[in-house]
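S.K.: As a plain string of letters, each chain reads:
Protein chains: 2
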Amino acid sequence: MNSPEAREEAVLEAVRQRRELVNEAIPEALPIQRPERLYKASRYLLDAGGKRLRPTILLTTAEALADVEPLSQGYREFPTLDGSAGDASGEPRAPATIDAMAAAVSVEVIQSFTLIHDDIMDDDDLRRGVPAVHREYDLETAILAGDTLYSKAFEIMLETGADPDRAVDALEILATTCTKICEGQALDVDFEQRDDVTPEEYLEMVEQKTAVLYAASASLPAILQGADEETIDALYGYGLDIGRAFQIHDDVLDLTVPSEELGKQRGSDLVENKQTLITVHARDQGLEIEDLIDTEDVETVTESEIDDAVAELERVGSITYANERARELVDQGKDRLEVLPDNEARDLLCDIADYLIERGY
Amino acid sequence: MNSPEAREEAVLEAVRQRRELVNEAIPEALPIQRPERLYKASRYLLDAGGKRLRPTILLTTAEALADVEPLSQGYREFPTLDGSAGDASGEPRAPATIDAMAAAVSVEVIQSFTLIHDDIMDDDDLRRGVPAVHREYDLETAILAGDTLYSKAFEIMLETGADPDRAVDALEILATTCTKICEGQALDVDFEQRDDVTPEEYLEMVEQKTAVLYAASASLPAILQGADEETIDALYGYGLDIGRAFQIHDDVLDLTVPSEELGKQRGSDLVENKQTLITVHARDQGLEIEDLIDTEDVETVTESEIDDAVAELERVGSITYANERARELVDQGKDRLEVLPDNEARDLLCDIADYLIERGY
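So the sequence lines, in the order shown, correspond to chains A and B. With my numbering as the guide, the letters of the first sequence map in order to residues 1 to 361. With my numbering as the guide, the letters of the second sequence map in order to residues 1 to 361.
Hint data in this document are derived by calculation from the structure and do not stem from the laboratory. Possibly wrong hints are sitting among the right ones.
Here's a subset of chain A near chain B, in silico, CB distances under 10 angstroms, partners left out [as the list claims (entries may be wrong)]:
| hint | residue |
| --- | --- |
| 1 | Phe-113 |
| 2 | Asp-122 |
| 3 | Asp-124 |
| 4 | Glu-136 |
| 5 | Glu-140 |
| 6 | Thr-141 |
| 7 | Tyr-150 |
| 8 | Glu-155 |
| 9 | Ala-175 |
| 10 | Thr-177 |
| 11 | Ala-186 |
Think of the CB as a built atom: it goes at the ideal place given N, C-alpha and C, for glycine as much as any other residue.
Bound conformation, chain A alone (with noise of 0.2 angstroms):
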């Protein structure tokens, strides 16, 4: 086993490599083209950079899956598991290759695409960056460049050249996931205007809003190049597990980060209520979650208070419980690698499972 420092510097490179690849392939996906406002309006966050985990989880797996070394084929005639075999009249039974990177690309466009409808619904300003699409353009170009990234994702997951039937199974998962990253989204909602969501409640809710499109990226490869459905679902769970420990960490960093790390200030999510498992566990605990800190505004809140409200999460354990949810998640979710091959990209989806809650921003 690698020591964390190392394996961080590992994924971070191999993360960097596929990034590259990704942002050629978004260009020529989503070329710019008339009505031309409309594309560099649904391009913006796309071009405003992320790190692609997502497209690298899935483009990671491939590579397990068709047990090749990582980087070594292009991702445009990526090897599905059938090789060259025919059936008993000697035709393939299906294609030898596949575009990976057009269902890496597909991934990519979904998460765009919700991140522009919620920072409307959030009416959050910023975004990796650079001014939200509906600040940078308006509103009614905000939320039809997303419903054109919607589209479009689809469009670009039916460029596969995957086998029909696998194709049709891909289009599901997607179809599926968007379904639940909308009822993740308005479950999110609901529980704004509720003080008794429970851990399991809120963890149901990460698992619609953040880990179905982590679970479908690390899934997309298994049934666009033909493997069995234990592999699927063994896949399916590994995203499911370490994206609800990607949103916990997440929501740890928040609180224990300085603001000039974060790029906003530290512990907005108890400044603004928003519900966290720390804080529902929290309340669990007897905790009034909303006494904490008597400032409602970040602009205003201090460092005292947050570390106030830190100490007294800290006291009744729930920082603790949230770290330790998210490393029984990532060890859950590795464990279920046992179905790939012992290779070296199934080691770096290992190393990408624990950066995700590792990682220090």
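Got chain A sorted already, so can you dock chain B onto it with the hints?
M.R.: Positioned in the frame of chain A, the structure of chain B alone reads:
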């Protein structure tokens, strides 16, 4: 050839009969489930009514292709064009039936999604006689309800039970249709800033914003039932033609039908400076469209102001021009139906085309 009155009566009866079946199928495809508020908002506009013209066209096209008596088959197990014919190995080439109703509901769900988001973009208060979704609920819920219907439409289209090759083609039509609707809406918004839109540009916008969903409705059964390319293309063309004619006739009705019958102020397009084929043509004839009506508010405009404006538009031939273009498009669309077997359902598709430009509201 039947009289226009007899034709209209026959079309309305055919639409009514299919609407009842579509109205039963919608709650089955979109049950109110958790989170309930989200699904209630998603169903709100679908439950508020609507003629179900697009599903009617889809179901009737399926009947014409299969050469069966209208309403003689359950739409849930509707014959494909393969029958039980098998390939050399004796295996059926494709399923003998499909769920045509699933495709019909999918198209109506897409229509509903676009209405919800359009009403936000246009800040319209009313739709189908009830408050728009963002008024009855709120902006966040309306965006999310539209997004949910979007992915649900793909999920529902995956339920037709069609051969995977055909299912993939159907999903591709659905995705590209949604992209074009977004592009058309963006063009419509762009046109509001311009005073040099040509009739051809206007018709291109209408094709994308409105007609492509008619084209999808008419061609989807051909794709799912396994018709040849020529038939698919002809039916797509029929939909594009009658969809454009439908919109042109809508623009004429806005000027010519008394407000009480129209359910809104007659001439509201003119008052709000909305471009239509009529105004675009009139500007080409040298008319100063902006000067036609001084009042900028539909609440205060008088009937005589609108009468004078309509008289001017008639004088330069713009209303006649619009009526002629709509008639040409309908005749062209009807000619394309020659690819279908000569049967009652095909006659009904012709009558529907005529009805779209003969209807009084």
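S.K.: The structure should be examined with respect to each hint, and the outcome stated for every one.
M.R.: To see whether the hints hold, each was checked on the structure:
no. : hint    : verdict
1   : Phe-113 : holds (8 angstroms)
2   : Asp-122 : holds (8 angstroms)
3   : Asp-124 : violated (12 angstroms)
4   : Glu-136 : violated (16 angstroms)
5   : Glu-140 : holds (4 angstroms)
6   : Thr-141 : holds (8 angstroms)
7   : Tyr-150 : holds (6 angstroms)
8   : Glu-155 : holds (5 angstroms)
9   : Ala-175 : holds (4 angstroms)
10  : Thr-177 : holds (8 angstroms)
11  : Ala-186 : holds (4 angstroms)
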